[in-house]
Amino acid sequence: MDLNPLDPTPRQWRSLEERAGLCDEQGEFPADACEAPRPGVSRRNFLQLMGASAALAATVACDRKGVPLVPYTRRPTEVVPGVSNLYASTFSEAGRAYPVLVRTREGRPIHVSGHDLGGKAPLRATADLLGLYDPDRLRGPLADGKAIAWDKAMERLGQECRSGKPLLLVTGASASPTRLHLLRELTQALPGLDLLVSEGLPKAPEDLRAWKPRLDQVQVMLSLGADFLTGDDPGLIEAYAKRREPGEAMLRLWVAEGPMSLTGANADHRLLLRPSRVAAFATALGAALREGPGAEPAPPEVDARLWKALVQELRAAGPRALVLCGAVLPEAAHRAVHALNRQLGTLGLVFEPEGKPSGLVPAQALVRLEAGHYGGVIFWGCNPLYASSEAGRWKKALARVPFRCWMGLREDETSAVCSLLLPEHHWLEAWGDHAAPGGHLALQQPVVGALYDTRQGEDVLLALLRGLGKASSPDYLTYLKERWRREVQVSGASVPFDRYFEAALHDGLVKVASPIHPPQSPDRSFPAPGPVPAGFELLLEPDRRVFDGRYGNNGWLQELPEPVSKTVWGNPLMLSLEDARRLSLEDGDLVRMDAGAEHLELPVCIQPGQTPGVLSLALGYGRAHGRVAKGVGFNAFPLLDPSGSGLRLGVELRRLGSRRELPRTQGHHRLAGRDILRIQEAGETAHGNHHAHELPSLYPPQVFGEQRWGMVVDLNRCVGCSTCVLACQSENNIPIVGPEQVARGREMHWLRIDRYYDGDPANPRAAHQPMMCQHCDHAPCENVCPVNATNHSPDGLNQMVYNRCVGTRYCANNCPYKVRRFNFLEFNNAKKEPELLAHNPEVTVRPRGVMEKCTFCIQRIQDARVRAKLEKRPLKDGDITPACVAACPAGAIVFGDLKDPHSRVVHLAEDPRGYKVLEELGVRPAITYLAALRNPLRGGKS
Amino acid sequence: MSDQLTLPEVLREPALTMGTVTPGSLDDQVLAFPERRPPLKWFVAIACTSLIAAIGMGFIGYTVATGIGVWGNNSPVFWAFDIINFVFWVGIGHAGTLISAILFIFRKRWRNAIARFAEAMTIFAVMCAGLFPLIHVGRPWLAFWLFPYPNQRALWTNFRSPLLWDVFAVSTYFAVSAMFWYLGLVPDIASLRDRTTCKWRKPIYTVLAVGWRGAGSHWQHYEKAYLLLAGLATGLVLSVHSVVSFDFATSLVPGWHMTIFPPYFVVGAIFAGFAMVVMVLIVVRESMDLQNLITDYHLEVMNKVILGMSCLMGYAYLMEGFTAWYSQNEYLHHTFINIISGTYGWAGWLTIACNVVIPQLLWFKRCRTSYFWMILVAVGVTVGMWFERFVIIVISLHQDYLPSAWRIYKPTLVDFGILFGSLGLFFTLVLIFARVLPVIATTEVKGILPGAQPWTRRSSCAAHPWREWSW
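Chains as they are written, first to last, in this note's numbering: chain A, 2 to 943; chain B, 110 to 580.
Isolated chain A, as found in the complex (with noise of 0.2 Å):
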């Protein structure tokens, strides 16, 4: 159609009349409809003009330091608004790598998750997101404690490095080829700088590091003192669950330990064995195992029968049993141990060496520097001041140092005595590669830019290389491309390397290894332990939570419960009901504990199941820096044996008689003979699933739409390891509430794990159950509310409203799970600036006074249902997956429609284990657990 410009029909017009001409002006919009000008200032335009001005005013809020805030005139094309993206990357921790996938809404991340490829997200990964936005981040380079650009620090940092003095690097481990590639060139650069790689944790011998559990062929296991289901490893939760399938084939869990750990409460069989008699148990196994169990005697404290048992198992199992050592134990241990898989010919042992640069051991490093070898120091991403049991040392010794280095995330202990420090990117703002479990190498790729004037570490040491004249790359990202050119992508790979590049950034995980062969090397000898001394014995283990400390700011972290013994909020020392009796001690107490010239006061915590004798302390608290951190439980990194073992002996303990609550999620409730959490031997009869009849009730029946949600937790599966809770928590805003709330009984967890101990309280029995709002369909919690603000919908979800609610909490009373969960202060205020970017932007944040709990993650649901129907198909099961589900390494929860006789959940939840909990009360709850199974030796209960 051609316009004319002369034709006087008007181009746009607003009915037909108009167009046509025939409307006047008092047609279908009369003048005054529009309020014309009009001299002066009218009542209308006056508040047009008083609200633009105050939201213009309020606009000046936003103005950060002359960065202009545009809106998208033309959208990256991955970001629409209201929809997140999820990016491949990979979490890294003490040399340990984990592929896990990253989701971002509008450009920043909020949740980090498994990886289909590369399995479930640890524990640790999960909550690093807070670490991102952690308020406490160095957010531009520091000397002398003033602020200073970048290139004035490298500059200085160049000048240190030409000055030919020697110098010293201190890293953290890592798994990445292309950083040690790079510190490799850059010793070579500097023939005057000596590489030390710090972690401060006890580990197990250099030799047998490498060799991983591998559990797919395990019959028997043995684990002695070895914690593997803590969730650090979630691939071993996963293979485990699936060895723990009911059946013929279901592994039996032997653990003989010192402290109550969460291996020790999913065994099948548990044995109390102080950590310094683990050596000494290993050999006289193997021997047992050489001889036939008759010849050799049980080791005292093991009951004989038992003993005859566990030797006539292994025997039986061979190459199909597996011994584990827990890492902390001395190296006599570690030794005896793998003298013993080597007997057994194990199949349960894969051998996945780490790269690692050649370098200095700690001691050398500190003789030198004490001897004021070195110019200068220059530390990256680790905390020898802190996490070290020769943190002492080190500080004296770095006196003697002129130039002292520090880059890192948050200033600490060791960036307390340093002069120049150099903020770091956070993992999820760095590029990076990893040696990732399987053969694989995984990608780390940033998810969203800096937050602030930080630098990759990688890109600081490739441009003192550059400054050189040793390096070509303009950053390190270019670097690790290089690299990746020449060594990773297979020669003569078909497709052009900058797809190749892009597809592993997609996948986040390229598979590499060529199987390595094991070096048989011999056992090597060991000398027998010496005699113990009296006093107790005190293993000290990486906390799971804060790790070896550099978590400790990190307050999902910090409120995550220990799984055994529920306590939050610092590190308690364990102890056995019998010391605790015996010194009169109850839990909370303050106790002086001496080891060697080093004490510690602190509260001890009664552990059931606690080896008599044998003290447990968690290493990673007792922090002197970060707002969160500080002051937080009592550091026991002084307390570390020196030959770097974590267990000390000769320990004494004396009562003060002071006493500190210990903040706790749970006490040591038994289950009191109450159905709760079914536990059955497998191969007994299921006795479950019954299905009680339907008691009646006065209200009718529930009327589902298409769907109605439900969901199957099987606790067969399930070892406990919180994962979930942490997930939840990062899903959906929930709030920390600090020691002195969760002390008062106030965490707001929508989904906890309940741990009830059952048999002797000297070496109980413990089972874990996942519980959080059971959606019932009779739900007692909403027929109290007197404002309607819970109510069902027609999917059969009891929802919340928020903003309904008025704070009766009678619904919480009403509730016979009690999972609902009220905000008795306004718990967000806490929060600092750049944390609030860390909530997920689908969840409400709750004020105060208003109650809340589990909502099956009903933002995920309405997303895949918008999925759904954007593909213009029905939902289908597994399309939708609450994070709990998501993040469980064990597979232990399904969620799905109970009204699609095909889905999982249906299939599951007819299980003959499956039971509902309290069933008896009538409220028809929407989850079904499965009854956990126990696979002791028939009549060899111990």
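None of these hints come from the bench; they were simulated from the model. Accuracy of the hints is not assured; some may be wrong.
Said to hold, decoys possible - Chain A stretches covered by chain B per the calculated footprint, using a threshold of three residues with CB under 8 Å from any CB of chain B:
#1 318-325
#2 669-675
#3 803-810
#4 820-833
As the list claims (entries may be wrong) - Here are the simulated lysine to aspartate or glutamate pairs, DMTMM-like style, with alpha carbons at most 25 Å apart:
#5 A:631 <-> A:741
#6 B:519 <-> A:662
#7 B:217 <-> B:398
#8 B:519 <-> A:796
#9 B:519 <-> A:827
#10 B:519 <-> A:217
#11 A:900 <-> A:707
#12 B:308 <-> B:137
#13 A:870 <-> A:827
#14 A:243 <-> A:217
#15 B:474 <-> B:398
#16 A:900 <-> A:920
#17 A:877 <-> A:827
#18 A:166 <-> A:195
#19 B:519 <-> A:588
Bear in mind that the values here come from a model prediction, so they are computed numbers and not experimental data. All residues carry an ideal CB built from backbone N, CA and C; glycine is no exception.
Once you have looked at the hints, place chain B on chain A.
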């Protein structure tokens, strides 16, 4: 009087007044208080109580500004002092209504001298009670959502919720009690109006007396209205605390979910209320020299009521134990064991001691007539009834179904501050009332003065001399 003299000594109803009381002297004695300047001890007393009330209000302000987190409430004890205090105060109120309404309908003439005072206490107690549901919610500024008012969002309240029934029950109770009280006050206020010479009191009394002239038609309407309201209030005595008990009885919580709760709560309320009336009445009687109008007999009869209620409470406690055992419900069983031997077992035994054991002293006439023993019992009952609600609410909640969620409850300073603040508020209101309005209903007492009613012997009275129809 002469007829009475013909009855044997034991059957004779004791005199309801002592000494020579004439209508004139009665007016002079009772109606003079509002006109006189209060003595120093009154000022001291009200300074203390209002200071306590002010501190309590401060704590309430702190709570509203900060959140319920300043209290000791936790998960699973989501309700604690807030609801304990609410039930406690609602219970206190019940004695007033019982005295003024039920005893009126049963023509118990001894009520006439104490009804006014007891009714006033009802109203003040319900005011204190009403405070708690308001401040205990998480967002008190939205508490009006509990009322079913028409709104644009078309949101309605949940009529299945016992908490909503509570809202209706308590607000109805307050409204009816206030009307009943005010109606009874009208003739007395008219007397005050007629007596006063004070320029600024006169118009106030004039307005409040709503034109009462004491005409026969006035009396006729008054009597009818009074009887009707008494009838209404009678139902409320039974219903209000029953509804309050539904908060517990209709829930799932072991220890709450019991059919005995409604009658048990009503009895407990009357019990606690009478104890409070006895305590306060003794103070009023002594400090205002009303021994001739509130006689030892009045106190003794009230003590008898307390004794009777105490026995019923004992029965209810026994039944709770029996139900726990007979139901074979492990959860209920556990709760009952907790009441007598759990962490809060001391509270359970304190309740039984204060409510069942100590009141047994009142079997002895000496204790029923001695101030010391009376006050001992009354204080005991008041404390015991507060702890009874503590036992019901905190002990039941702190260990319910899943042992993993069990938790100890510890109140905070703010909890105690608000509890004592509410006591301060109550006594402040009582003190103000005692000085502003006639504490004794003169018109009603005049009706029982010797010679006030022409006595005619009726055959029924001869057969049942204790049933005396005064009008």
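Quick rundown of the hints versus the structure:
1. 318-325: violated (count 0)
2. 669-675: holds (count 6)
3. 803-810: holds (count 6)
4. 820-833: Satisfied; 7 residues make the cut.
5. A:631 <-> A:741: Measuring from Cα to Cα gives roughly 15 Å; hence the hint holds.
6. B:519 <-> A:662: holds, 13 Å
7. B:217 <-> B:398: Answer holds: residue 217 of chain B to residue 398 of chain B is near 24 Å, not above 25 Å.
8. B:519 <-> A:796: Violated, at about 40 Å.
9. B:519 <-> A:827: OK: residue 519 of chain B and residue 827 of chain A at ~21 Å, within 25 Å.
10. B:519 <-> A:217: violated, 51 Å
11. A:900 <-> A:707: holds, 8 Å
12. B:308 <-> B:137: Within the cut-off at roughly 19 Å; holds.
13. A:870 <-> A:827: violated, 38 Å
14. A:243 <-> A:217: holds, 8 Å
15. B:474 <-> B:398: holds, 23 Å
16. A:900 <-> A:920: holds, 20 Å
17. A:877 <-> A:827: violated, 39 Å
18. A:166 <-> A:195: holds, 11 Å
19. B:519 <-> A:588: With Cα atoms ~17 Å apart, residue 519 of chain B and residue 588 of chain A stay inside 25 Å; holds.
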